[in-house]
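2 protein chains.
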Amino acid sequence: MIAVTLNQESAVPIYRQIAEQIEAAISGGRVQDQERLPTTRALATELGINRLTVSRAYAELSRRGLIASRVGSGTWVTPSGIASAGNGAARSGAPRWPSLFARTPERAVTSGIASSVWPQDSDDAISFAWVFPDPDLFPVEALRRAVTRVLRKDGGRVLGYGPPAGHPPLRRMIARDLQDRGVSVGEEEIIITSGSQQGIDLVARALLDPGDRVLVEDPTYVGAVQVFQSYGAELEGIPMDEEGAIVELAAAAAARPRTKLIYVMPNFQNPTSRTMSLKRREALVSLAASEGLAILEDDFGGSLRYEGIDLPPLKALDPSGSVIYLSTFGKKLFPGLRIGWLAAPGPLAQRLIRLKAIADYSTSLLLQAAAHEFCAGGDLDRHLAKVVPLYRERRDAMMTHMREHFPAEASWTCPDGGLVVWVTLPGGVSAEDVAMRAEDRSVLVGRGDLFHLGHRRRENLRLSFSQEPPKRIAQGIRILGEVIKERIEARPSTRHGSENPLPLI
Amino acid sequence: MIAVTLNQESAVPIYRQIAEQIEAAISGGRVQDQERLPTTRALATELGINRLTVSRAYAELSRRGLIASRVGSGTWVTPSGIASAGNGAARSGAPRWPSLFARTPERAVTSGIASSVWPQDSDDAISFAWVFPDPDLFPVEALRRAVTRVLRKDGGRVLGYGPPAGHPPLRRMIARDLQDRGVSVGEEEIIITSGSQQGIDLVARALLDPGDRVLVEDPTYVGAVQVFQSYGAELEGIPMDEEGAIVELAAAAAARPRTKLIYVMPNFQNPTSRTMSLKRREALVSLAASEGLAILEDDFGGSLRYEGIDLPPLKALDPSGSVIYLSTFGKKLFPGLRIGWLAAPGPLAQRLIRLKAIADYSTSLLLQAAAHEFCAGGDLDRHLAKVVPLYRERRDAMMTHMREHFPAEASWTCPDGGLVVWVTLPGGVSAEDVAMRAEDRSVLVGRGDLFHLGHRRRENLRLSFSQEPPKRIAQGIRILGEVIKERIEARPSTRHGSENPLPLI
Numbered sequence: 001m002i003a004v005t006l007n008q009e010s011a012v013p014i015y016r017q018i019a020e021q022i023e024a025a026i027s028g029g030r031v032q033d034q035e036r037l038p039t040t041r042a043l044a045t046e047l048g049i050n051r052l053t054v055s056r057a058y059a060e061l062s063r064r065g066l067i068a069s070r071v072g073s074g075t076w077v078t079p080s081g082i083a084s085a086g087n088g089a090a091r092s093g094a095p096r097w098p099s100l101f102a103r104t105p106e107r108a109v110t111s112g113i114a115s116s117v118w119p120q121d122s123d124d125a126i127s128f129a130w131v132f133p134d135p136d137l138f139p140v141e142a143l144r145r146a147v148t149r150v151l152r153k154d155g156g157r158v159l160g161y162g163p164p165a166g167h168p169p170l171r172r173m174i175a176r177d178l179q180d181r182g183v184s185v186g187e188e189e190i191i192i193t194s195g196s197q198q199g200i201d202l203v204a205r206a207l208l209d210p211g212d213r214v215l216v217e218d219p220t221y222v223g224a225v226q227v228f229q230s231y232g233a234e235l236e237g238i239p240m241d242e243e244g245a246i247v248e249l250a251a252a253a254a255a256r257p258r259t260k261l262i263y264v265m266p267n268f269q270n271p272t273s274r275t276m277s278l279k280r281r282e283a284l285v286s287l288a289a290s291e292g293l294a295i296l297e298d299d300f301g302g303s304l305r306y307e308g309i310d311l312p313p314l315k316a317l318d319p320s321g322s323v324i325y326l327s328t329f330g331k332k333l334f335p336g337l338r339i340g341w342l343a344a345p346g347p348l349a350q351r352l353i354r355l356k357a358i359a360d361y362s363t364s365l366l367l368q369a370a371a372h373e374f375c376a377g378g379d380l381d382r383h384l385a386k387v388v389p390l391y392r393e394r395r396d397a398m399m400t401h402m403r404e405h406f407p408a409e410a411s412w413t414c415p416d417g418g419l420v421v422w423v424t425l426p427g428g429v430s431a432e433d434v435a436m437r438a439e440d441r442s443v444l445v446g447r448g449d450l451f452h453l454g455h456r457r458r459e460n461l462r463l464s465f466s467q468e469p470p471k472r473i474a475q476g477i478r479i480l481g482e483v484i485k486e487r488i489e490a491r492p493s494t495r496h497g498s499e500n501p502l503p504l505i
Numbered sequence: 001m002i003a004v005t006l007n008q009e010s011a012v013p014i015y016r017q018i019a020e021q022i023e024a025a026i027s028g029g030r031v032q033d034q035e036r037l038p039t040t041r042a043l044a045t046e047l048g049i050n051r052l053t054v055s056r057a058y059a060e061l062s063r064r065g066l067i068a069s070r071v072g073s074g075t076w077v078t079p080s081g082i083a084s085a086g087n088g089a090a091r092s093g094a095p096r097w098p099s100l101f102a103r104t105p106e107r108a109v110t111s112g113i114a115s116s117v118w119p120q121d122s123d124d125a126i127s128f129a130w131v132f133p134d135p136d137l138f139p140v141e142a143l144r145r146a147v148t149r150v151l152r153k154d155g156g157r158v159l160g161y162g163p164p165a166g167h168p169p170l171r172r173m174i175a176r177d178l179q180d181r182g183v184s185v186g187e188e189e190i191i192i193t194s195g196s197q198q199g200i201d202l203v204a205r206a207l208l209d210p211g212d213r214v215l216v217e218d219p220t221y222v223g224a225v226q227v228f229q230s231y232g233a234e235l236e237g238i239p240m241d242e243e244g245a246i247v248e249l250a251a252a253a254a255a256r257p258r259t260k261l262i263y264v265m266p267n268f269q270n271p272t273s274r275t276m277s278l279k280r281r282e283a284l285v286s287l288a289a290s291e292g293l294a295i296l297e298d299d300f301g302g303s304l305r306y307e308g309i310d311l312p313p314l315k316a317l318d319p320s321g322s323v324i325y326l327s328t329f330g331k332k333l334f335p336g337l338r339i340g341w342l343a344a345p346g347p348l349a350q351r352l353i354r355l356k357a358i359a360d361y362s363t364s365l366l367l368q369a370a371a372h373e374f375c376a377g378g379d380l381d382r383h384l385a386k387v388v389p390l391y392r393e394r395r396d397a398m399m400t401h402m403r404e405h406f407p408a409e410a411s412w413t414c415p416d417g418g419l420v421v422w423v424t425l426p427g428g429v430s431a432e433d434v435a436m437r438a439e440d441r442s443v444l445v446g447r448g449d450l451f452h453l454g455h456r457r458r459e460n461l462r463l464s465f466s467q468e469p470p471k472r473i474a475q476g477i478r479i480l481g482e483v484i485k486e487r488i489e490a491r492p493s494t495r496h497g498s499e500n501p502l503p504l505i
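Those protein sequence lines, which keep their order, are chains F and A. Going by our numbering, the first residue of the first sequence is number 1, and it counts up by one from there. Going by our numbering, the first residue of the second sequence is number 1, and it counts up by one from there.
Next up, chain F with everything else stripped away, as it sits in the complex (with noise of 0.2 angstroms):
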């Protein structure tokens, strides 16, 4: 059994004292191979705190591989965090594996998505963390008779190896949805990828060697620069206004010599939802066109559009050739299809399509095809036609309740589509202050810092208006607007908290 002591007055966060403590007792050999740990509810329990603190040390605990949980079964100490922690002796012979480990950039795998906390951690929380669709918006039933269809037609043929660059039908569909945009296109430069995070890792990979460099947006989304991060390009950043990349600004590190790409979010920015201008978007296609660099345009969630109308994708601007442009079906559909695109100029596209078939061969087929099923069925369309409204209703309720009890020294963007909400903290109020206190009172953010470089910027506060219903996201927000308050209050603030925090998706 596990003895922990908390001291509500340490500038270690409480989650993080209840991790180190539990790290102590498994490396101090207080604890047996797979000996349990009370469950996150008993222990939060016992000792008096809020249930969610406990997961996130647990989450902690889990992710250096330490303990593993399992829902119905609880939380156990592995053999390999026996091993790892403290003296545990290497078995004789076992690889040091550290020493073999390729030379990935720390940075690229040690923070970001590819440590982020599991959002099923949050149980009955108040989320605005993850840039997640409703999935009880999500169109079950119209999807189960897209497989159906798809089997009963095609039988085993979809259920075979497809072509690496993808299922035909489906990137004749794409490049004639693109084409109605005015962006000049071929199906055989469309790929389909496993999701969008697979399209800019096969970017990244055909384009990046250690030392090129890459711009971004700043903020931008963290699952890209971890992408960029891991084959060891630099990273720079192109600050932000109202029209987006304020592109002036990039011309200085778009002529230097090692810059290749520019990596861009045109439409509803992740995380500032703010969308670039017509004048933006013709400008950067130009600097890059004159400095010979490719554009990575992120469209990944183009047709959540509320009000307004939509701005030509950079690459109907491109007459040169430069935009390579990228979408899912992720964050307008389900994210669980795992089904995204790359559009891009001929002679990239075949090296993409090569790399694909190195990196996965090809993406599931069946969900190729029951993609298509059910985007040439018209269940797309409905199913739009259906959520729009509703995101509106409550991108409208977060708009109206932070007016009301968010207080006057805040901001924030009213964004015209995408699903978050991007919210500058009154001066002195750490977004990492805020974040932690409202999930103290079960209600997750997503922290502005970690979404800048080298996080140097915190006041800014990343809320999804997506995931909960209108009632829940007054809620939340009178919560918050009081965190917010109290933080003022305190302000300047003395306590400090995670380097491996909440979410970034």
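Just so you know, the hints here were simulated from the structure itself, not pulled from any lab data. Nothing here was measured: the structure is a model prediction, and the numbers come from that model. A couple of the hints might just be wrong.
To be verified - DEER-style ranges, computed between Cβ atoms:
(1) F:T110 <-> A:E243: 38 to 44 angstroms
(2) A:R152 <-> F:D440: 35 to 41 angstroms
(3) F:S73 <-> A:T148: 53 to 59 angstroms
(4) F:E106 <-> A:E234: 55 to 61 angstroms
(5) F:E234 <-> A:R382: 51 to 57 angstroms
Note that CB positions come from ideal geometry on N, CA and C, so glycine has one too.
Could you slot chain A onto chain F? The hints should help.
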């Protein structure tokens, strides 16, 4: 319109003559962007040759991005084909893509699975070429029911993101199955991958830097070779005999400083179909432990055994924790699921999970849940009970007809599992030559030289018996016997073939 003239006496293969003349027409400006090419059937009829030969020419042009094709719409010249063939001027400002490419070794992206001909090209030929299970034997209806059950039971939950490491019930099931086979492994050490191809890629990504050395059986699976090469690793072959890799011959290479990994397929090795003896398994694990190396044990076809008993996995013989185990549903069930798994020692498992998150965040939760449902409901066992006797019958048919039709100078393995037979041709008869002549008679085979490192040995064929029922096996083997006998007459051979040929999975 493109005029093609064939020289039947030329040492240049017919398909290559066709491809070269079409490319010349494109680069010479004699065809338009989007211009249609004749169908394979029409051109074959016009030239009086086999349609497969035309398909092969088109496939080569398509791989190079010069043309594109689609079932039902024919084949046409692509815009990028116009631009990249011959003198087509690059559009102003377009990135010179190859100058932006990463320094991935060209050999990794210009051959093997990255460029292999897609099997749909093969139409009604008798195929011994692909190590695919037979789509007619896929349990389509059982899978449909499994998908329906998980969607009804779990609804939107299985359409959301899953944890990067995999769906917990599936990881647990896989861990238990391995435990039943004597492997000491915890479910926290299981990582679900998008097919076994991704398993190989993630292990390589975790371990290999340019210049590191990987030992592989020679011959071996080309898809693995390409992964290792794509990370800049050097490969060293371990010669094989009837007992599998000759471990003594690997000792010197294992001891060299930059050797990190040994990649083997102990059961029904691809392409030789040989199973590694227990003595060799023990010797290999002991060698890795003494040198501090990792072993990647690829057990892609472990459940497809027709007689004899299973030998323990390397991982069950490994007290030192050197072995990473890899398997998949691809061969035993159907490839279209794209679900494989790794079982890796704790510290490496943590690293692999993080790299998985970077590479594609996670494998489709819907497919993982469906696979778990399928197996937990007994459908996998039922499926294996049905297909193992059928594949045994096909193997036996191939054996019988080879004995009848192949010349006495040829020899072959009689595998006790898996899906292929490894043939050694009579001296002076080249696999390339036999493969092309057989293809002219609509029989497709795997050329053994492609599986040998550096393509150094030319006397083997890989014949898969999984794709055809016994009657077509009889017919194909009879034709193949005739071709081999003709080539014995004609040796030494004068005809030379392709560098980019059929098929590597």
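Evaluation of the provided hints:
Checked against the hint of 38 to 44 angstroms, the pair T110 (chain F) and E243 (chain A) passes, with Cβ atoms roughly 43 angstroms apart. Roughly 38 angstroms separates the CB atoms of R152 (chain A) and D440 (chain F), a value that falls within the hinted 35 to 41 angstroms. At about 27 angstroms, the beta-carbon gap between S73 (chain F) and T148 (chain A) misses the expected band of 53 to 59 angstroms. The given range of 55 to 61 angstroms is broken by E106 (chain F) and E234 (chain A), whose C-beta atoms sit roughly 25 angstroms from each other.
Hint check: E234 (chain F) to R382 (chain A), Cβ distance near 54 angstroms, so the stated range 51 to 57 angstroms holds.
When the structure is compared with the earlier hints, violations turn up for hints 3, 4 and for no others.
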